[in-house]
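From first to last, the protein sequence lines are chains A and B.
Number 124 in my numbering belongs to position 47 of the first sequence; there are no gaps in the numbering.
Number 140 in my numbering belongs to position 116 of the second sequence; there are no gaps in the numbering.
Hints were generated in silico from the structure; no laboratory data involved.
Hints are supplied without guarantee of correctness; some may be wrong.
[Said to hold, decoys possible] Stretches of chain B that chain A covers, calculated by requiring three or more beta carbons in the stretch to come under 8 Å of a beta carbon on chain A: (1) 62-73; (2) 124-133; (3) 179-186; (4) 190-198; (5) 229-235.
Just so you know, even glycine gets a beta-carbon here, dropped at the ideal spot from N, CA and C.
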Amino acid sequence: MLRFIENLDRRWLFLLMGLLVLLPLLFPLALPLTVSPRVRNFHDAIAKIPDGSTVLMPCDYDPGGIPEMVPMTRTALKQLFDKNCKVVVICLWNGGPGLVDRVVRGVAQENNKVDGVDWVNLGFKEGREAVMQVMGQGIANAFPRDHKGRDTRSLPIMKGVRDYSSFPLLVSISSGYPGTKEWVQQVQSRFHLPMVAGVTAVSAPEYYPYLQSGQLLGLLGGMAGAAEYEKIRNEKGTATRGMDAQSMAHVFVALCILLGNWVQWMKRKGGRA
Amino acid sequence: MKRELPLMITAAVGLFMILSFFVPHHVVSVPADFLQSSAIIIVAFGYVLGGANVLKLNAEAIYRRNPGWIYKLILVVALISTVVLGLFDGCNRKGAFLEEGSSSKWIYDQFYSPMSATMFSMLAFYIASAAFRAFRIRTVEAGLLAVAALIVMLGRVPVGSLATSWLPGWLQLPTMQEWIMEIPQNAAKRAILIGAALGVMATGLRVILGIERSYLSGED
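So here's chain B without its partners, still in its complex pose:
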């Protein structure tokens, strides 16, 4: 019963939500709306679970002095102080803890925002290094990929347009990159999208029918 009950609930809710998509009557739509609203609340509880999990894992690593424990300590201190300050801000400002002047807003502006932007900015440097060291053309397919990448990369910026403006229209980089993006790229992307959608449907059916059980304590 420990296993059958969750499977039955999953199947019933799954079938009901599919039904709600096709039946607009209030007998179906009202409970379906309730279930969707409940999903948001359950997801919010996931944050508590996630936070507790992060604390547990990192506290153990700090206690055992695992390699890099000092970074884990910084993480735990940052996590606890952000949550505590957020709680105080939330109580003092009626929930508006990210309002101008709040401690949470200060943490966001002075720590989170610059660090997040820096992490993303560093990609440019690593892409240059990877392009130099890792992008090797060893096969015909890799050669085609490299040519397409170069055309798209240069054709999408003004310098590509400027450099080939003296050529006939169809040989100009922006025209060529537009063709690559609109025709072969679009066709491949559509195939991937349709394939992924069919995969999602198949997985959904497997979950509803109880064939896919990996969400129950990691069982296959």
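So here's chain A without its partners, still in its complex pose:
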């Protein structure tokens, strides 16, 4: 038995992991979700901004972040559109603009929002922190043309937008660098723009100090954060559906750690005997 487990072909582990992720997606378990204060604060920060204001929403991710980033982007956009807020979207990841545009356009169409009037995607700009700084001089200085190649200054949504002072809130959805950390360091701390963030589960611990210092008003951490946010909004999106699969995957990884160590421990014990 011990030898069988020790020499187990890793492809069996891959198969088991695949099944444990696939089956809950096909047959949902509907495990109960508890909303954490961080997610509640994210929702409340958006709820508190005046209806109809214009919000800056950097979506710094690429297709690798779809399961975690897209659900939170969709839910945040829906909450903003429900408040009749206008949304200015940008992307500082070179692999992201196509994906971000598809997500934002989809949610905008579902909510009958007009491109250029209720929302705009200013697209991608290389330069990372330098872009954030130049946006402080004027949003159109950094993005003279939007994702579709239109003159940014001529768009109706940009009439009242000058620089960071034009926004009551920054909603950062990011997978890594450049992302939330840089928005906190370059924009929140320098221009004092209130900020909430949605990040990957693996990077979420990095932002706890900013949350505790009040530099971040709320935080969505990975798919769990996105699912909790969907629960607050009474939505059943892809994050809620994905949580059952993620639960099973976490249990499996925990079992792998325990089983692998049990085998080693038994071997050491046998060797000593």
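Since the structure of chain A is already known, use the hints to place chain B on it.
Relative to the frame of chain A, chain B by itself:
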């Protein structure tokens, strides 16, 4: 002079940018804004340099039939075709080369997006394999790490909450993982952040003062 001039420019620009952070007067802020805008343009030129470098390295490997040259050939063909199609799209669509219906958008949706998502998804399988084969508890520290990892891993998903819902509140997995994340993890992360920030400041000063010269032709 070949070495001194870049050092002087670096020192002058570095000191000027620090000054601009504290002095909002237009005499300082206008040139500082210009320098920041210039940085974006220079970074954009980096793409051209990077592309040329990728082409040069891979073309040499293909010419010499190095191991894996066929993959390098695919890379070069993909690079050239993406750039050429992007240029055509950019000219035909006034810069909107990623608009619906464009060739670039098709490449992005049909190749880049699924491949990028697949690479990330495969992590789940490798994590399971690594957890089974590599996560060995041989010391007390490794044991503590494993216990913390298990609590956080299970406490952050609904199944952890469900499995321990019958226990007293402080023994439930979500409560324990919250404590780990809020107290020890947060303290360690803050220390790392402060340490890294001090390191960045020290490195910045070394560059401005000309002590750190590794950016000049690889010199230490």
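Right, here's what the structure says about each hint:
Counting residues of the region 62-73 of chain B whose CB lies closer than 8 Å to any CB of chain A gives 6, which reaches the minimum of 3, so the coverage claim holds. Coverage of the region 124-133 of chain B by chain A holds [criterion: at least 3 residues with CB-CB distance below 8 Å; count 3]. Only when three residues or more bring their CB closer than 8 Å to a CB of chain A does the claim for the region 179-186 of chain B stand; here the count is 7, and the claim holds. Residues of the region 190-198 of chain B lying with their CB closer than 8 Å to a CB of chain A number 1, which falls below the three-residue condition for coverage.
Interface restraint, the region 229-235 of chain B with chain A: violated (0 residues with C-beta to C-beta distance below 8 Å; minimum three).
When held up to the earlier numbered hints, the structure conflicts with 4, 5 and fits the remainder.
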